[in-house]
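Can you make the complete structure from the sequences, with help from the hints?
In order, the protein sequence lines correspond to chains A and B.
At position 396 of the first sequence (counting the first as 1) the number is 396 in this note's numbering, and the numbers step up by one without a gap.
At position 283 of the second sequence (counting the first as 1) the number is 283 in this note's numbering, and the numbers step up by one without a gap.
Check the hints yourself; a few may be wrong.
To give a feel for the contact side, a few chain A residues facing chain B, derived at Cβ under 8 Å [said to hold, decoys possible]:
#1 2
#2 51
#3 55
#4 185
#5 192
#6 194
#7 197
#8 202
#9 203
#10 204
#11 209
#12 226
#13 228
#14 230
#15 298
#16 353
Worth flagging that the hints you see were computed from the coordinates, not collected in a lab.
In this text, all values refer to a predicted model and were calculated from it rather than measured experimentally.
C-beta atoms are modelled at their ideal positions from N, C-alpha and C, and glycine is treated no differently.
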Amino acid sequence: MATQVLMPALSPTMTEGKIAKWMKSEGDKVESGDVLCEIETDKATMEVEAVDEGILGKILVSEGTENVAVNAPIAVLIEEGESADDIADAPAPAAAAAAPTEEEVEKEEAPKEEAASAPAQPKSEPAPEPEYDGPMKSQTVREALRDAMAEEMRREEKVFLMGEEVAEYQGAYKISQGLLDEFGAKRVIDTPITEQGFAGLGVGAAFHGLKPIVEFMTFNFAMQAIDQIINSAAKTLYMSGGQMGCPIVFRGPNGAAARVAAQHSQCYASWYANCPGMKVVAPWSASDAKGLLKSAIRDPNPVIFLENEILYGQSFELPDDDDFTLPIGKAKIERKGSDVTIVAYSIAVGIAMEAAEKLAEEGIDAEVINLRTIRPMDTATIIESVKKTNRLVSVGEGWPTCGIGSEVSSIAMEQAFDYLDAPPVRVAGVDVPMPYAANLEKLALPKAPQVIEAAKSVCYV
Amino acid sequence: MARASKSGASSKSAAKSTSRSKSKSAAKKPEVTGEQLLSYYRDMLMIRRFEEKAGQLYGMGLIGGFCHLYIGQEAVVVGMTQAGTSDDSVITSYRDHGHMLACGMDPKGVMAELTGRRGGYSKGKGGSMHMFSREKNFFGGHGIVGAQVPLGTGLAFGHKYSEDGGVCHTYMGDGAVNQGQIYESFNMASLWKLPVVYVIENNKYGMGTSVERASSNVELHERGAAHDIPGMQVNGMDVMDVLEKGGKALEHARSGKGPYILEMKTYRYRGHSMSDPAKYRSKEEVQKMRKESDPIDNLRHTILEAGHSNEDEMKDIDKEIKSIVTSAAEFAQQSPEPDESELYTDVFLEASA
Numbered sequence: 001m002a003t004q005v006l007m008p009a010l011s012p013t014m015t016e017g018k019i020a021k022w023m024k025s026e027g028d029k030v031e032s033g034d035v036l037c038e039i040e041t042d043k044a045t046m047e048v049e050a051v052d053e054g055i056l057g058k059i060l061v062s063e064g065t066e067n068v069a070v071n072a073p074i075a076v077l078i079e080e081g082e083s084a085d086d087i088a089d090a091p092a093p094a095a096a097a098a099a100p101t102e103e104e105v106e107k108e109e110a111p112k113e114e115a116a117s118a119p120a121q122p123k124s125e126p127a128p129e130p131e132y133d134g135p136m137k138s139q140t141v142r143e144a145l146r147d148a149m150a151e152e153m154r155r156e157e158k159v160f161l162m163g164e165e166v167a168e169y170q171g172a173y174k175i176s177q178g179l180l181d182e183f184g185a186k187r188v189i190d191t192p193i194t195e196q197g198f199a200g201l202g203v204g205a206a207f208h209g210l211k212p213i214v215e216f217m218t219f220n221f222a223m224q225a226i227d228q229i230i231n232s233a234a235k236t237l238y239m240s241g242g243q244m245g246c247p248i249v250f251r252g253p254n255g256a257a258a259r260v261a262a263q264h265s266q267c268y269a270s271w272y273a274n275c276p277g278m279k280v281v282a283p284w285s286a287s288d289a290k291g292l293l294k295s296a297i298r299d300p301n302p303v304i305f306l307e308n309e310i311l312y313g314q315s316f317e318l319p320d321d322d323d324f325t326l327p328i329g330k331a332k333i334e335r336k337g338s339d340v341t342i343v344a345y346s347i348a349v350g351i352a353m354e355a356a357e358k359l360a361e362e363g364i365d366a367e368v369i370n371l372r373t374i375r376p377m378d379t380a381t382i383i384e385s386v387k388k389t390n391r392l393v394s395v396g397e398g399w400p401t402c403g404i405g406s407e408v409s410s411i412a413m414e415q416a417f418d419y420l421d422a423p424p425v426r427v428a429g430v431d432v433p434m435p436y437a438a439n440l441e442k443l444a445l446p447k448a449p450q451v452i453e454a455a456k457s458v459c460y461v
Numbered sequence: 001m002a003r004a005s006k007s008g009a010s011s012k013s014a015a016k017s018t019s020r021s022k023s024k025s026a027a028k029k030p031e032v033t034g035e036q037l038l039s040y041y042r043d044m045l046m047i048r049r050f051e052e053k054a055g056q057l058y059g060m061g062l063i064g065g066f067c068h069l070y071i072g073q074e075a076v077v078v079g080m081t082q083a084g085t086s087d088d089s090v091i092t093s094y095r096d097h098g099h100m101l102a103c104g105m106d107p108k109g110v111m112a113e114l115t116g117r118r119g120g121y122s123k124g125k126g127g128s129m130h131m132f133s134r135e136k137n138f139f140g141g142h143g144i145v146g147a148q149v150p151l152g153t154g155l156a157f158g159h160k161y162s163e164d165g166g167v168c169h170t171y172m173g174d175g176a177v178n179q180g181q182i183y184e185s186f187n188m189a190s191l192w193k194l195p196v197v198y199v200i201e202n203n204k205y206g207m208g209t210s211v212e213r214a215s216s217n218v219e220l221h222e223r224g225a226a227h228d229i230p231g232m233q234v235n236g237m238d239v240m241d242v243l244e245k246g247g248k249a250l251e252h253a254r255s256g257k258g259p260y261i262l263e264m265k266t267y268r269y270r271g272h273s274m275s276d277p278a279k280y281r282s283k284e285e286v287q288k289m290r291k292e293s294d295p296i297d298n299l300r301h302t303i304l305e306a307g308h309s310n311e312d313e314m315k316d317i318d319k320e321i322k323s324i325v326t327s328a329a330e331f332a333q334q335s336p337e338p339d340e341s342e343l344y345t346d347v348f349l350e351a352s353a
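This is the structure in structure tokens:
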């Protein structure tokens, strides 16, 4: 039976092309794989091979013709015994099936969900923070993180910890102190210094069904692994149509420590928070650290858990309970107030609290929101507060450009514009690589006086 | 473009006895019945016909974006799959359609993913380079050159941690072996004796750059030397050689001795992707490989020569496969595009506890 040869699309963007040269003449025998003609596309000249076998019965588009549309018939192949005269109605190889009619589509698909006319982004509310009135204890952030991991490892065999110096050295920052003794070398694993490799290995293990905690000695080194974190961990669930869950926690200290200069002093919150498919958590207190890390380990999705080295040694009160968890995606109002909303995360929450105390002495009653989770951000808590105070200041150590503060401001302007009595103000790290000199480093990081100044400015004081 | 040879390929095979010393050596190789040989033939032919059809649909604009065809390399994945067990996991990069079919994934679901329809393995959200099947232990389908190698090493870590007896078949191309993360993976796999077989599909070109122009040492099976990983070169155009050496490598990994590297000397007949004009190699080079070393034609000859089957039966197999591929292509065009509501699904899993 005669078949049409159609103008092929030879690149993702090609819509038309030029028949540069016919390599076969009418009457020539054609085997599959034979070059029929050369086509000039927008990018290159390419050879077109025969799909089917037969005899080139007729060339429909002559050499040198430009702007030939993709899928236009360019030649007809006939079989032995057929005549070129039989080809008038030669069917295109599969073109007939190319465009199913609406009716066919309807018939084909039995389960048709009620589709909204426009897709609406589903919003799942995070569970509220559980009420807790049990016994409390005082712990450092460091101890809280260790306890969170130890409790979850006791709870589930599939949870394991890997990273540089996490086992025998007991952790570069002593977060994993004692874990090797309790859980052994199978579950507390020292890796070579090979961030991209072990981050990817962790993701593969999570695909297999394990629940890895991957410690980066600092998040600065995770830049080596960011392809595995974003392309492999965060995107695969979507790319697989929901099959390939990746329950993994990437954790470690983030942001500036002290006097370690530009390559070791960067906040990555906005980098990771930009990407759908993972959750980004940034605890401040020991209670945050423990409750959120336990939730992160239990979460079936990839979680970036941004700690802060300066906070590791700070002590806080927290529930004395092995089952204590905090919901990811829920901010906490650390201090209630009515005059100005200060939104902060990680170490900046402490700065905001300090500023709030000083502002109170001057008669300004600030409300401090500890974001706890950067993504998904608890916008409801921010908006509710802004509606009450009508003024907004954000505080974070990261750079200001395209930063978390920018996001907080946008949310307020989009969702509570009419409630704002002043433009929101961002207090952020200075827009330079972190300097080493003690005096310059101090200048580069936000401090309470800047927050106080920002709060007064939005209050027009 | 698309090369769909129907049954015409059989007439060519008669003129090719010179390249076929295989039938002799096949006798020494793992004991394989005629029935098994026919099943390898069938599996390889399925991949070839599927890919030809995919090329055709691409040309018609029904498949978009990037589309990397596996034509010419079929013996590699069919031999490795036959050498493995159902406990094993498989991961590869973006030239992945053959791996999926060899794993037993449904041609309809694969083709419908290529056309971006809801009947595709990823509901149309992944495309040619991103398909998965937990059921068949196929873990993708990854678009970043080399990134699948740490992932496969992690799957092997999972096999060892959970003591499930599986080995991860981790595929990569000759282009990927110059990526740093490959050696990070080799190091950890050897250090921790992980059950992984690294299958380097050396088809001579990383996109348009030949191995000689990209690699200081072109003996790719030696790439594990620095990490004490044994390696072997395999004739990747001969399914029996792949089966035999793949079996040895898998046994090595499964028995707790750690990783193994197989360098499959193979060849892709088509361009790197559909939009590759392939000016970096001569037409003669491609033709010579097709004529002398085609894994499917050669196995067909072996089967006929040994009397395991006859022309009529082989033609029936060809017909059967053609009809499977045709119905896959029909399904891939009739399955509707994903519902618009799917835009927002599968970003997160809901916590169960």
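Taking the hints in turn, this is what the structure says about them:
no.: 1; hint: 2; in the structure: 15 Å, violated
no.: 2; hint: 51; in the structure: 4 Å, holds
no.: 3; hint: 55; in the structure: 13 Å, violated
no.: 4; hint: 185; in the structure: 10 Å, violated
no.: 5; hint: 192; in the structure: 6 Å, holds
no.: 6; hint: 194; in the structure: 4 Å, holds
no.: 7; hint: 197; in the structure: 3 Å, holds
no.: 8; hint: 202; in the structure: 6 Å, holds
no.: 9; hint: 203; in the structure: 6 Å, holds
no.: 10; hint: 204; in the structure: 2 Å, holds
no.: 11; hint: 209; in the structure: 6 Å, holds
no.: 12; hint: 226; in the structure: 11 Å, violated
no.: 13; hint: 228; in the structure: 6 Å, holds
no.: 14; hint: 230; in the structure: 10 Å, violated
no.: 15; hint: 298; in the structure: 6 Å, holds
no.: 16; hint: 353; in the structure: 30 Å, violated
Going down the numbered hints, you'll see the structure goes against 1, 3, 4, 12, 14 and 16, while the others check out.
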